[in-house]
Each structure stands twice: as structure tokens, then as C-alpha cells.
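Chains as they are written, first to last, in the numbering used here: chain A, 1 to 60; chain B, 1 to 900; chain C, 1 to 66.
These are calculated hints, taken from the structure and not from any lab test.
One or more hints might be untrue.
[Said to hold, decoys possible] Capping the alpha-carbon separation at 25 Å, the derived lysine to aspartate or glutamate pairs in DMTMM-like fashion look like this: (1) B:28 to A:38; (2) B:459 to C:5; (3) B:457 to C:5; (4) B:76 to A:38; (5) B:335 to A:37; (6) B:859 to C:47; (7) C:7 to B:483; (8) C:7 to B:462; (9) C:7 to B:456; (10) B:282 to A:38; (11) B:269 to A:38; (12) A:51 to B:462.
[To be verified] FRET-style restraints, in silico, Cβ to Cβ: (13) B:69 to A:38: 20 to 30 Å; (14) C:56 to B:73: 53 to 63 Å; (15) B:42 to A:34: 17 to 27 Å; (16) A:34 to B:220: 40 to 50 Å; (17) B:880 to C:57: 18 to 28 Å; (18) A:38 to B:73: 19 to 29 Å.
Treat the numbers as computed from the prediction; the structure is a model and nothing was measured.
Every residue, glycine too, gets a C-beta built ideally from N, C-alpha and C.
These are the residues of each chain, in order.
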Amino acid sequence: MSNKTTVGSVLVVGGGITGMQSALDMAESGYYVYLIEESPAIGGVMAQLDKTFPTNDCSM
Amino acid sequence: MDKCIACGTCAEKCPAKTTDAFNEGLAKRKAIYVPYAQAVPLKYAIDKNRCIYFQKGKCRACEKFCPTNAINFDDKEKDITLTVGSVILTAGFTPFNPDRFDNYQHAKFPNVVTSMEFERILSAGGPFGGHIHRLSDGQEPRKIAWLQCVGSRDLNRCDNEYCSSVCCMYAIKESVIAKEHLGADFEPAIFFMDMRTHGKDFEKYYERAKSQGVRFIRSRVHTITETDASGTLNLVYVTESGERVSEEFDMVVLSVGMEPAASAMEAAKTLGVELNPYHFVKTSDMTPVSTSREGIFVAGALQGPKDIPQSVVEASAAACSAGIHLASARGTLVKEKTFPAEQSVQDDAPRIGVFVCNCGINIGGIADVPAVAAYARELGNVVFTEEPLFACSQDAQEKMVEIIREQKLNRVVVAACTPRTHEPLFQETIRNAGLNAYLFEMANIRNQCTWVHSAEKEKATEKAKDLVRMAVQRANILEPIPDLSVGVNKSALIVGGGIAGMTAAISLADQGFAASIVEKSSSLGGAARDVLHTWRGENIQEHLKKLVDRVSNHPQITVFTQSEIVDASGFVGNFETRVKTGTEIHAIQHGVVIVATGGQASVTDEYLYGKHPAVTRWHDLEQNPELLTGVGSVVFIQCVGSRNDQRPYCSRICCTSSVYQAIDIKEKHPDTDVFILYRDIRTFGEREVLYKKAREKGVVFIRYSLNKKPVVTEAADGLDVRVFDPILQKELIIHADRVNLATAIEPSPNEDIAALYKLPVNAEKFFMEAHAKLRPVDFASDGLFVCGIAHYPKSIDESIAQAMAAAGRAATVLARTSIQISPLVSQVNRDLCIGCGLCTDICPFGAIIQEEVDGKGFKAKNISASCKGCGLCASSCPKKAIDMLHFRDAQILAAVCAAA
Amino acid sequence: MKQTEPKIVAFLCNWCAYAGADLAGVSRLQHPSNMRTVRVMCSGRVDPLFVVQALKSGCDGVLVAG
Numbered sequence: 001m002s003n004k005t006t007v008g009s010v011l012v013v014g015g016g017i018t019g020m021q022s023a024l025d026m027a028e029s030g031y032y033v034y035l036i037e038e039s040p041a042i043g044g045v046m047a048q049l050d051k052t053f054p055t056n057d058c059s060m
Numbered sequence: 001m002d003k004c005i006a007c008g009t010c011a012e013k014c015p016a017k018t019t020d021a022f023n024e025g026l027a028k029r030k031a032i033y034v035p036y037a038q039a040v041p042l043k044y045a046i047d048k049n050r051c052i053y054f055q056k057g058k059c060r061a062c063e064k065f066c067p068t069n070a071i072n073f074d075d076k077e078k079d080i081t082l083t084v085g086s087v088i089l090t091a092g093f094t095p096f097n098p099d100r101f102d103n104y105q106h107a108k109f110p111n112v113v114t115s116m117e118f119e120r121i122l123s124a125g126g127p128f129g130g131h132i133h134r135l136s137d138g139q140e141p142r143k144i145a146w147l148q149c150v151g152s153r154d155l156n157r158c159d160n161e162y163c164s165s166v167c168c169m170y171a172i173k174e175s176v177i178a179k180e181h182l183g184a185d186f187e188p189a190i191f192f193m194d195m196r197t198h199g200k201d202f203e204k205y206y207e208r209a210k211s212q213g214v215r216f217i218r219s220r221v222h223t224i225t226e227t228d229a230s231g232t233l234n235l236v237y238v239t240e241s242g243e244r245v246s247e248e249f250d251m252v253v254l255s256v257g258m259e260p261a262a263s264a265m266e267a268a269k270t271l272g273v274e275l276n277p278y279h280f281v282k283t284s285d286m287t288p289v290s291t292s293r294e295g296i297f298v299a300g301a302l303q304g305p306k307d308i309p310q311s312v313v314e315a316s317a318a319a320c321s322a323g324i325h326l327a328s329a330r331g332t333l334v335k336e337k338t339f340p341a342e343q344s345v346q347d348d349a350p351r352i353g354v355f356v357c358n359c360g361i362n363i364g365g366i367a368d369v370p371a372v373a374a375y376a377r378e379l380g381n382v383v384f385t386e387e388p389l390f391a392c393s394q395d396a397q398e399k400m401v402e403i404i405r406e407q408k409l410n411r412v413v414v415a416a417c418t419p420r421t422h423e424p425l426f427q428e429t430i431r432n433a434g435l436n437a438y439l440f441e442m443a444n445i446r447n448q449c450t451w452v453h454s455a456e457k458e459k460a461t462e463k464a465k466d467l468v469r470m471a472v473q474r475a476n477i478l479e480p481i482p483d484l485s486v487g488v489n490k491s492a493l494i495v496g497g498g499i500a501g502m503t504a505a506i507s508l509a510d511q512g513f514a515a516s517i518v519e520k521s522s523s524l525g526g527a528a529r530d531v532l533h534t535w536r537g538e539n540i541q542e543h544l545k546k547l548v549d550r551v552s553n554h555p556q557i558t559v560f561t562q563s564e565i566v567d568a569s570g571f572v573g574n575f576e577t578r579v580k581t582g583t584e585i586h587a588i589q590h591g592v593v594i595v596a597t598g599g600q601a602s603v604t605d606e607y608l609y610g611k612h613p614a615v616t617r618w619h620d621l622e623q624n625p626e627l628l629t630g631v632g633s634v635v636f637i638q639c640v641g642s643r644n645d646q647r648p649y650c651s652r653i654c655c656t657s658s659v660y661q662a663i664d665i666k667e668k669h670p671d672t673d674v675f676i677l678y679r680d681i682r683t684f685g686e687r688e689v690l691y692k693k694a695r696e697k698g699v700v701f702i703r704y705s706l707n708k709k710p711v712v713t714e715a716a717d718g719l720d721v722r723v724f725d726p727i728l729q730k731e732l733i734i735h736a737d738r739v740n741l742a743t744a745i746e747p748s749p750n751e752d753i754a755a756l757y758k759l760p761v762n763a764e765k766f767f768m769e770a771h772a773k774l775r776p777v778d779f780a781s782d783g784l785f786v787c788g789i790a791h792y793p794k795s796i797d798e799s800i801a802q803a804m805a806a807a808g809r810a811a812t813v814l815a816r817t818s819i820q821i822s823p824l825v826s827q828v829n830r831d832l833c834i835g836c837g838l839c840t841d842i843c844p845f846g847a848i849i850q851e852e853v854d855g856k857g858f859k860a861k862n863i864s865a866s867c868k869g870c871g872l873c874a875s876s877c878p879k880k881a882i883d884m885l886h887f888r889d890a891q892i893l894a895a896v897c898a899a900a
Numbered sequence: 001m002k003q004t005e006p007k008i009v010a011f012l013c014n015w016c017a018y019a020g021a022d023l024a025g026v027s028r029l030q031h032p033s034n035m036r037t038v039r040v041m042c043s044g045r046v047d048p049l050f051v052v053q054a055l056k057s058g059c060d061g062v063l064v065a066g
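Same shape as in the complex, but just chain A:
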């Protein structure tokens, strides 16, 4: 590490709710983010849910 320059970018693997949050936090704190997702859209399993507990908010 010491003799190498640190690269200011991060790879986030997975575009579900967790990956999206990590990506946003990294981007907002000054790092370039690559987000990879195997399906054509981000959102993950949460997008499939109708509502979420305990508030019954719509998960979209």
C-alpha cells in the first residue's frame, strides 16, 4: 500500500437497497463509484415488495 498511490474510486457489487446506499454515500463523500448490477434495473428485491413493515410504506 505504502509505495502505491491509492485509487480514489470504489466498485459496488449489487444494485439493491444496500448497494445503492453505499454508492450514494461514497459518491457524496468524494469518491468515484462504479455500481454493477446483473439485472437491467437497480432496486433489488425491495422493488418487488408491496409494502414494508412496520410503517406499511410503499416500498417504491
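The hints should help you fit chains B and C onto chain A, whose structure is shown.
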């Protein structure tokens, strides 16, 4: 992909149908598709395995019909090499597939569905539009049974011995929502082993479900059969008291558990990251998001089964860890956008340009776009109109910039899709032409007009004209609004010096940000000082000692012990807090606040606690091992003061703690009888393994209910514990040498901090986060964060994760020198203001204060940095002294008057 | 006599009801065309005077959704 406008023509024309995985196979979709209506990016994709052209070499219908030439069949898969400084793995879980077990009959009976399938059935956007019906005959079900622990807590059948943590709650949710859909005579029933509602506000949700008529049956269903040709199901189960019951249900929902996603495991293996025995990524309790490989972090359900809030917490914690790892390279690869200087339009008469977008045929195919444009040309101050095919396309954008310059436009109206997706794009375009972003207005003539009135072309045209007229009238009186930004003091103030506060401090300091910790007591450490081991058996005291050393010696951290906060003011980026140590007052300037005030085990007067020396609580026995020598029996009593009327919440960590201690006693003193009297054992996630181990070691678990609580009385040589055993159906008398109580975890006193920073607490005095799911460490007001037990009872690993998450979120503020904030804020006219304070009372964000002005009494003052632009203050002000920028009374009224 | 179609002004909150109206579009849910939307940043922004003004200007109904 840039050319796709998501009009859907391709999917309409595509002849190939296939199973819709997003809808869990309950619907069909085309081979060219968007997974769901709100998908991001909203771009159609081709499923190569289903596409007729890719499979048979002929078709290309989508290409032929696509109005924007967005389909490129020559596109090839490419390998891309990325050089990155860090990796965060978040590739999640797959719901357990029950088809491999015939006892659940999922593959065979149409009316046995999984919980994921039921989510889609419930969803208004799902295959049945939210109308619940049986898959066998389309009949509305009157009775549905949920079966818990399918693919969880079950070693015999599927090798998933862990608890999936979320199924109890989602089953309750599905049953409650189903009842909302199906009405009062719908009968939901949930078959469960232990009801695990251990999260914040979960227990109340459970109680509410009971009162709404959800039946909870503590039993495992062993046989499911179809009773008739219509598909009605018969369930056979044995009740707790041993009675065999046979009952009919219209549908069965299998509450399937979580397994790590196969592709995620694959990725983890490729990266050389170690997995645990359950194939989740292995982590330590002290570094909950670090994998076995330096620089690679993990978050969410790939680390272990968990719910959304905990996943989001870990997501921010992983971002924090990666931020520490990459701190020296922060900002090296990100670029700022620049725009030409803004021209002044203040003194010029409005020159409005109206661009009426055809959106291919999405608008132009229904509304008469030339007629709408011609109509717009006649409106006052409109000097230019155009009808682009796609206003949002790259070339149309460039042309728009030229036109604005040539025609000297100073207001722009685009009649097209929705401002919610496209306003930022067009605002950027007009900024490129030297106009202020707020001299722009959109008329929504696609989503809210042609798309929803496609059969009424004339009416759609009329409505489009009206919407354009409203937009133009509003545009006439739009004003330029300067950017608003505030400077950021790059340091944090952390309230509380427990494990959460210290972890937050060190996580920020290691990223180069200064942190001050304010601790009430005389030393650092907090509640963690009483706990010896984490549930995985890791040594807490060793970690704590190292942490205290690092915090005390870190050049970026200042610690104030025996100190209290006496005053606080300011807003994101610019807080000032006054800290009192003895008689000395320190004024600290800081950019963010992290609240980590912690909590503790409560004291009780139940079960002879404090009256008999053999009654102890929590870690008393662990800390005083001599109390266990030569002891014949130990009884643990759970839920002492939790899950009752006074504290209607589960303290989350007590079951695991008592089970852990029981195992420890059994290992050290195999002859000692150990009993755990519980209501539900809530060893969620992989903690379940401890529960199994305890039973194997001979720990006796006896369930009690709130209306038949155990009774502890003094006996000749120790204590007698009476408890009703629901399996034996009789009262037992256990002679106990020690009774150890798991008393409720309560928050430390926090009224002063809540009042000083204007932070909300819930009915149980835990701090309330901005959003239960999506913003679990943020407060609603910017720049303030919460972590640890101050938020809710949680274990050491969870507290550490949340503290790192708070630091990660705080870093999104501290990483900047200034923060751009939305300038659409309230504006106070002090000449009209009478200082009544209604706005201050009503503002949900503390963004308006009352300020004393010499000789004029109190006057309202807007704190722009905190203002969210909702306008509650403006509409409530009795003197009309407050107006909202960009949504001024006059601007809204201009549109309203033009609507008629 | 032919029934005249009422003209309705709708004040929709940007974050929910307005988004819902957009989604109706994405889902192509057809509905009557006699509503005119005014987007606001919160339904709490709607001053009772806006409602009065809408009716005064000749609208037949007002919808506030958020």
C-alpha cells in the same frame, strides 16, 4: 441506451412472451422489457435467451418499430477492466425455494404460494392489480394461513439452521395488508414457533395485528392436502397442548427465508473473500463490515439475514470503511461541472420560448402538437415556439441552447413529460445557455395528459393547451434564484463516549475529520463495560480497551469527560455547542452532530430483585463467577419489563444474552440445572445456532405468557420459582439457587439533548430517525445523526455498525467545503411579520426561528440551510408575511387563474 | 340537456400525489381529462386562498392531494 425514451412500442410489438421473474412467474412479459414501471434506468432491455432474433436469427420487430433507433443488435458483450481502490459487496440474498420439499406442496398445489409471490399478488402494480385471488379458481380467499420458518431454523430438511430474521414481520405485514384488501370477515392465521418482532416498533405492530384479528397459532403444520377440485387446502397441526387439529384454508403462504445469492457467493469467491458456514460473507463483531480481505467490505443480507434498516445501516458503514481505506485519495477522481456566467434578466421584459415535445408518437400521436404550439405562440410574451421530436435528445438540447441565445429568450417552457424526471436536465440546458435554472417551467403533457387520455385526442389537445397556458403564465413571473450554499466546518461533535460514540469518533478521525466527544460520566466506555463477550464469543473488554486508548491518543479527537452540553445552536455545517466541564465552558464549532447517548438495563422491583441476594440481573453472574460455584440450579427470566404496557417493545438482545450465558454455565458447571423462562425466544439470524446449542447442552426452556407470569418466592434454602408449563399443561415449581433477570433495556436520559438540538424521540424515549427504513441513522434535520442504543436496544456488533454508518453519513457532509442547498426556501417579509411564532411552531424542520429585533419585538427568521421548501409556514402565516421562492403565492395563483 | 363537464384544479404534492399522477401515466391508466394540475412542494403549501381563487376563476372543483 441513451436513445431509448421508454415509450414501450418495442415491447408492444415484440412477439416473444416469457415468464416475468419480477412478478415471481405469476405474469408474462415480452422478450424486450423493463422489469417494472418505476425501473431505473427506465430503458428497455432484450432478454437474449427469449429473443426470437437471438435464438432463431429472425424477427427484429422491435428495431423496426422503435421511433428513436435505440435498438442495436450488433451490441456485443464486453469485458471491462476497472481499477478501483476498494470494493463493497452488497449482492444480497435469494428467497428460499421450497419446491425441493414435497411437504410444503408448493410445486403441486396452486393455492400454496411463497411470500414473495404473495407480495406480487398484493401489489397494485402486480399481475392482478392488487386484487387477491386464488390461483386455482380466481376466487377471493376468506382464510389464508402463513407458515413460518420455511427454509429457516430447520436443519433436518434444508440445512438452514439460522433464523432469517425478517419473516415473522413480513408475514404479519402481509396478513394485515391482506385484511385491508379483503375486509373484516377475512381470517388470516400465522403458524409460528417463536414470534420474532425484535426491531424498533415491531412489537407494537404485532400487538396491533392481534387486535385487528390476525390469529397467531404456535405450531408447525405437518400435512397440507387439497380437499377438493377447487383447490381448497386442509392443514393438520398439533396445538401446544397436544391436540391434533385439522382445518381448512383457501390459500397457504410459505414464509420463505433468505439464502445468500448464488451470483454473490460466486463474486465473493472470485475476490477471495472468506465465507462463513452458511455461505454468508464472514465478518467479525468488532469490524462488522470488513471481509477477510483488506479493502473489500460487505453490507446487507450477503453478510447474514437481516431487514432493510439494518442493511442500509451496513451500507453506510461499508461506505465509511471504504472511505477510511481511501482517505488519502478523496476527491481525486471526481469532477465538478462548470457553467457559463449567468446573464441578468431582471430588468428585461419576459421573452418566453415554448418547446412542445412530440416524444415520438407518445405526445404527437395523440395530441395535436402543431396546434398546441400555435396556441402557445399567441400567448403574451411568447416569442418563439418549436416542436422537437424528442426535446430531451442530445441534439435537441444543443439546439435549444442555440435558440435561447439567438432569440434572446429569458424564460423557457418545455411541454413534454414530467418535471420529476426531466426538470433537472432542462435546467442544466438553460444554464448552459447562460440562464438561471429557475427561469424554466415544464408542462406535463405526456404522463398526465396524452398517456392517460389516449382515446380522447381532442380533449387531450385541449388539456395540453391549458397546461401550456398555465405554465406560460407562471413563467411570466418566474425570477432567477441564486444558488444557496453554506460553508462546512469539517469537524463533528459526538454526544456520548460509549462504544458507539467512540467508534463514530475514530471512524471520522481516521478519515481526517476532527471529532469532539462529550461524555457525562468520568470515563469512556459506556454500557459495553458490563459485557464480556459478543454473541459470537469475541472479547469485548479487549476491544474496548484498545478503542479507549486510540480515542484518547488520536490527534484528531478531543474528549470532554464529566461534561455536559448547556447550549446548542446552528445548522448543518455550522453548529455551535457549548460544553460545560466543571465550571469551565468550551464553545465548540462543528459541522455535524452524532448522538450516541446510549442506554442501560433497567432496574426492577419484580421477582424479589433487590429484596433477595440470590436474584441478580443481566451480567451479574458472568462478572461474579463465584456466585455460580456449587450452585444446583439457575433460572433465567426473560422479558422483565419488556413487551408489556409500560414498555411495549422487545429489548432485542436479552434472549441471545441469556442463552449465551446459559451455555457458558452448562460448559463450566455441567451438573447445574439451567432454566430459561421466556415468552418467545428471539435469537434472530445466526444467533439461532446458540439456541440450538443450549438445548443440546440440556438447558430447559419453559415458555410463559404475560397473563401467567412466573412467581418467585423465598424458600428455606434459596428460591422457589412457579411457572405454568404450556406443554405439560401444569404448574411447575423449580427450586432455584440463583434467579437472573433480563430486565428491559431503556435509553439513557436524553431530554436535554433532544431539547437542545430539537430532536424527536418516540413514546419510549428512543431517538427517532428520519425514516424507519431508508434513513436509519439520519435525523430529519440535516447534519444530525444517531447511533447505538440511543436509537434502539442493539448488540455490540450492531452498535458498531450503526456508529460507522453515522460516521459515513456525516462524512458526506464533512467531505465538502460547502454544501449546495436547495434555494427554494421561505422568505420572510419583516415589515409584515408580527412575531406570532406560528411559523416556528409549525415548521417540521426547525427552519424558522423568532429573533428579537431592537424596538420591534420578535420577527421570524428563515434558516435556509434547514428549510425543505414545503411552504407550511407560508400557507399558515396570518399576515401573509412569508412567501416561498419559486412557489410564490403570485406564481401559484398565476397558474390557478390560467387553469379556468 | 347535455351535462357540462366540471373543470377541476388539482394541487398535487410533488413527492407523492404528483408522482402518483405521473405513475398513472406510465401505467397508462385512463381517466377523465377535466383535471388541471398545479404542482406544489407539499400539500401544506396550499393556502385556502388558492382554493377560493380557483373557484372564483371559474373552476368547479378543487382537489388537494398529498
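- Which of the listed hints are not met by the structure? 7, 12
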